[in-house]
Amino acid sequence: MSLLDVNGLVKEFGGLRAIDELSVSVERGELVGVMGPNGAGKSTFFNCVSGVITPDGGRVTFDGDDVTGDPPEELARAGMVRTFQNTRELETMTVRDNVRLAGPDQPGERTLPALARTDSMQTHEREVRERADHLIEAFELDHLADEYSSNLSGGQRKLLELARVLMLDPDLLLLDEPFAGVNPTLTKEIAERIRGLNDEGMTVVVIEHELETLTELVDRLVVLQQGSLLVEGEPEAVLSDERVIDAYLGE
Amino acid sequence: MSLADRLPAGIGDRLPEDDGDRALLLGGFAVALALVLAATPVAVALPGELFVFFEVGTMFVIYGILVLGLDLQYGHTGLVNFGHVVFFAVGGYTVAMLSAQNPFVGIGLGYPWLVALVAGVLVAALLGAIVGATSLRLRDDFLAVATLATAEIFHSVFVNFREVFGGNTGILGVPTPLADLAGDTDTTMLATLLFIGGVTAFTFAVVTRLTDSPYGRVLRAIRADELVTRSVGKSTFTYKMQSFVYGAALAGLAGGLFALYNGTVAPGYFTIQVTVTIWIGMLLGGASNHRAVLAGLAVIMGLRLLSRFALDVAPVSADAFASIRLIVVGMILVAVIRYRPAGIWGDPKELGVDS
Amino acid sequence: MGLAQNIVFGLVTGSYIAIAAIGFTLIYGIVNMINFAYGEYVTVGALVGVLAAGALPLPLPVAALVAMVGGGIASLVLARAFFTPINHTGPVPMLLTSIGLGLALRNAIRLTAGQGSRYFDTETTTFRFDGLPDLSVGSVDLLGGVFVTSEHLIVIGSAVAVFVILHALLTRTDVGIAMRAMGDDEDLARVRGIDTQMIRDSVWVLAGVLAGLAGVLIGIQTSVSSTTGFSHILQILSAAILGGAGSPYGAIAGSYVIGLVVALSVAFLPTGMTGLSTAMAFLILIVVLLVKPSGIAGQEVREA
Amino acid sequence: MTPNDTDGADRRTFLKLAGAGGLTATAGCIGLGGSDGDDAPDTIVFGQPAAQTGDWDFLQPGVSQATDAALEGINDAGGPLGAELEIQRRDTAVDPQEARSVVTQLVENDDAVALLGLFSSEIDPLFDFLQEQETPIVTPWPGSAFLDTRGGDMGTPDDLDDDEWVWRTVIGDTVHTGGAAKRALDQGHDTIGVINGNSEGERSWVEGFLNAYEEGGGSVAERVEVSLGESSYQSALSRLFEADFSAFAVSMPLEDATTMMSDWADGDYGSQPILSDPLSQNELVEQVGDALEGAWAASPGQSGPSYDTFLDAYESMDGDAEINAWTPPAWDAIQVTALAVEHAGEATPEAIEQSLGPVTRGDGTEVATFEEGKEALDNDEEIVYRGAATNTSFTDFGNVFGSVIINSVQDGEFVEEEVIPAEELSEFVPEDQY
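Protein chains in written order, with this note's numbering: chain B, 11 to 261; chain Z, 178 to 532; chain R, 707 to 1010; chain F, 536 to 969.
One thing to keep in mind: the hints can contain errors.
Partial chain R-side listing against chain F, Cβ under 10 Å, derived [stated by the list, open to error]:
#1 813
#2 818
#3 822
#4 829
#5 869
#6 928
#7 983
#8 984
#9 985
Note that these hints are calculated values from the structure, not bench results. Because the structure is a prediction, the values reported are computed rather than measured. Glycine included, each C-beta is placed from N, C-alpha and C at the ideal position.
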């Protein structure tokens, strides 16, 4: 059974079909790239799958459950987590708090334990802090840990966002253009980390506009055009496909 | 500011470190002292010149509960509630109508005041839940309009249904338990200020615990970016709802205490002016910082009080002076937003504003 | 109760609310702020009008023009001094600034113009249509005798003229088209080479002109004092939001809804509840925000 | 104010601030002692809570001018107990919250021994608080029926225990609306319509009026309440005039009434208008026009025995504030309070409270001003003050009776048409209830 199964997805904006009968599935443990020219519907696809917007038709199944139209918070708790194309930091919070926020199942996020400062909340918070510090260190953000995230550079923001979603220990990670606006060195580093996560068993779907890094990174490529599936398959095969070349040159 | 700041270092060292705990201790101390003053034959004599400061001080601690609740909503969660006075009013009216004996007009059921106070908090919270459930999905400035309209509707209802709410006269004959206990005016005045001040300190302690905890982290995240907060698995609507209801309940508590202190409620006590005062106080001090919002409120209420004394030396007629005072208050609001958008003691980075 | 007669009253009230609400909603659409000080713009217009008509003295139509010019100038000056510098800060700081500015202006007007009321010197003629047949449904008489006064006609006529001119402005002139473009998407408008600051200034002037006219019309109906505009701001705001903030056509529709609701609720609410007519307008506003938050014809105001 | 006064005020303010600072520093000084009354004061202060802003601010200038005119006369006559009388005027904005701290400030900080103001909407909710002040409040404003059975000294001047400290020099609504009701019935209007604003003063007028009117056998065909500040009252009028009646009573503030009566004239509804007392103003006639011809209002008589004395003094002042229904009562309030000080021989709140009854009731030399009273008291005579608005003879509840004048519109202005003497009105007011 596929981990993520998208079947006949439809989304319209003011009469325009942004997603048109799109069907894609992702197997557990896969590392899939989604590409396509501007306006092909990549981000809309992510938004529909992750519950940010509700699709007008079709079905999304995650780990065997129908999750069509479920809100993002429920999906995140179920194990499907995403990042955003234009990084969305919580700019009025520190790097540390950005990461800590994502810690799941914190009893201290409910009123009474928070007021009573229960032991379980304190224990849990210690674990959250430890894990967050660990991730911050792993992403080499420790020297910025107490800075407000508004002070971070574009690349650092990408790292922070990655660290934040990893707090949730997701089954499925949806990354929306993780390399956009990032310098080549950092691009390579991020790619390696994604590779590493996948090696550890995490299922990852990456949207990327830029072809090169993506082809090297992923097991399988899905190419969208005008909201529909154009081609899918092994990177090499996809890239040599006439339709793909036309689509990109046509842009 | 908390008591610990003013005590010598030796005592301060033995006190709890964190703001909330200090406030808890201070609140407990104040309430205990108030009860001792009120319940025992101990009486105090205060210089009459200070009475007006006690009056305004008592209103300050009552409004302090309001501003802490509003700050939970706006400063922490980013909810623009421009009808805060309605929850204050509903708390006050509930307590008054349940507890009053022989009101001049309107309903007075004569239940024990403690029952009435609990009911006042619950009714305000319930109204908060209803307004929240219907309006919290609106965009910031429209939420402001929806809450403002709610406050206007209630004001109108209080004025119009005279048989129930006493019209413009309001509900008279509300019990004043502290005054009854304390007896003389001076002791009552001090005990009231201490008691309600203690409750304000408790409120401070409670909201500080809440906002310093992981719970507060979620609230601040919602203010920063609701979608991101949802995408890391937080049910933001629930949090917004809770924050709104807690703020409303605190306002209800403030309203109830006000009724039991003042002995009467009337629409004149619950005008949009109250909302404006606490908003200005909060913004002036610096939203999202509990101490700062109280300090800001103290500044604005202090200015208004002192400007009354200033009349004695002002070279203009009393009539012109009244207008000038309001012009100054308006311009303070404008200037703060423009030149110190994070308030006097607020952190611009925390609030995401240029300064 | 004469339904037709009350509809006439509702249309009159709706008409001058509409003129002000258009100005209010244009500011919302282009500058993206809810301007609580707008009521004071109306007061300024009314005051300029009543001074021009009374002190100078000028004939009423000329005084109205003077009031419109005065309103436009005041609006631009205030915008330049208070709102343009904080344009980037977002809707909530601007809303709060307008509250502060409104409080200050209202009292400054009171300080300079005094507390009393001033009146426009007008003659009113009443036209009656008594020939209409009664058409009763229960206790409600659908037609019945109807009258309109010359003041009513002036107000409704001015409103219709404003609607026509505004429509022409928004569809036929470069500035108007640019305004609409900017209301839809400011970034796109800037990319297309529209001078967004110039458009914003034009909107401020236009909103001030409309406030001036509304002020004079309200002044003719009632009187002019430092709270003339303030006492109408909630109705204006409700009408604008009801119609879908930012949409001038929606604001017109919203205004007539408010006007009719106020008139009909006075006429048909049970005895003892007629004082709630104003609250009814807010109740409708809240219901609309809940059921169709985008208003009668406007943009989404719920959070994404 | 003379420069000297300013200096004095300055110093006082400073001392008060210093005192406040001291208190916060020690977190509550216990037992600092209260303020002591001086034996021979140089100055005596009356506080005047005033409506310098707020809904009724247009009425304050007349009241202020009357107070200042009286003050000048009192000080020219040597002042009460030979001291200089001062008026400390502070804005309450007719807001009970503000009024509470203004009263505190006047009593405690300005050391006012009596207060010469406060409206119904301030007194009603603050009544218990005002009792605690134990300072006499002699106010020209409130018409509220709430005060009919509250206030005054219960007829026992010496016994302070039963005193309720509030005295009004203006006729209560219950009485003068009784005059309006009597006139309406006399004219044969046995069915009327009522239109009124939903604020307390307006409602109070209507209730007083209707009580007396229905008592006298009249009936109400329709009553419409409106929210104030509307730009048109056409709908309310069309609702009202669905009913059949021969006269309709109007109780709204002047501005709203002007709008409403203009709408009424435009709509050509006819019927006899009966106006509430604040509306007998020529401004209304000017704006509404001919249609108002024959409309009448019953006002508390501004015709106490000393009205002319008041008028002369008032007009000799610099100000040009219009005289309204509360202007002569304001004159009476300060005169009678100053006389109470002189009569008591000391300027303490308690002594003044005990003397307010004696200088207004019973027999004694009738005096029209403080000057006359002081002279008489110096000659060891008993005095009774006879005022400008009414004869200012306080009832046990601190109320005054007076005649009611019917003013009607004739040839474009209000003209006094009839005076209903106080005695004829007493039938509307049971003796022990006012």
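Status of each hint after checking the structure:
1. A least Cβ separation of about 8 Å between residue 813 of chain R and chain F falls short of the 10 Å threshold, and the interface hint therefore holds.
2. Checking residue 818 of chain R against chain F: minimum C-beta separation of about 15 Å lies over 10 Å; hint violated.
3. About 6 Å separates the beta-carbon of residue 822 of chain R from the nearest beta-carbon of chain F, less than 10 Å, and the hint is met.
4. Below 10 Å, beta-carbon pairs count as interface contacts, and residue 829 of chain R has one with chain F at about 9 Å; its hint therefore holds.
5. Interface hint at residue 869 of chain R: violated, since its Cβ lies 20 Å from the closest Cβ of chain F, which is beyond the 10 Å cut-off.
6. For residue 928 of chain R, the interface hint holds, since its Cβ comes within 10 Å of a Cβ in chain F; the closest pair sits about 4 Å apart.
7. Hint status for residue 983 of chain R relative to chain F: holds, with the closest Cβ pair at about 6 Å, below 10 Å.
8. Because the beta carbon of residue 984 of chain R sits about 5 Å from the nearest beta carbon in chain F, less than 10 Å, this interface hint is met.
9. Because the smallest distance between the Cβ of residue 985 of chain R and any Cβ of chain F comes to about 8 Å, under 10 Å, the interface hint for this residue holds.
The structure shown violates the earlier hints numbered 2, 5.
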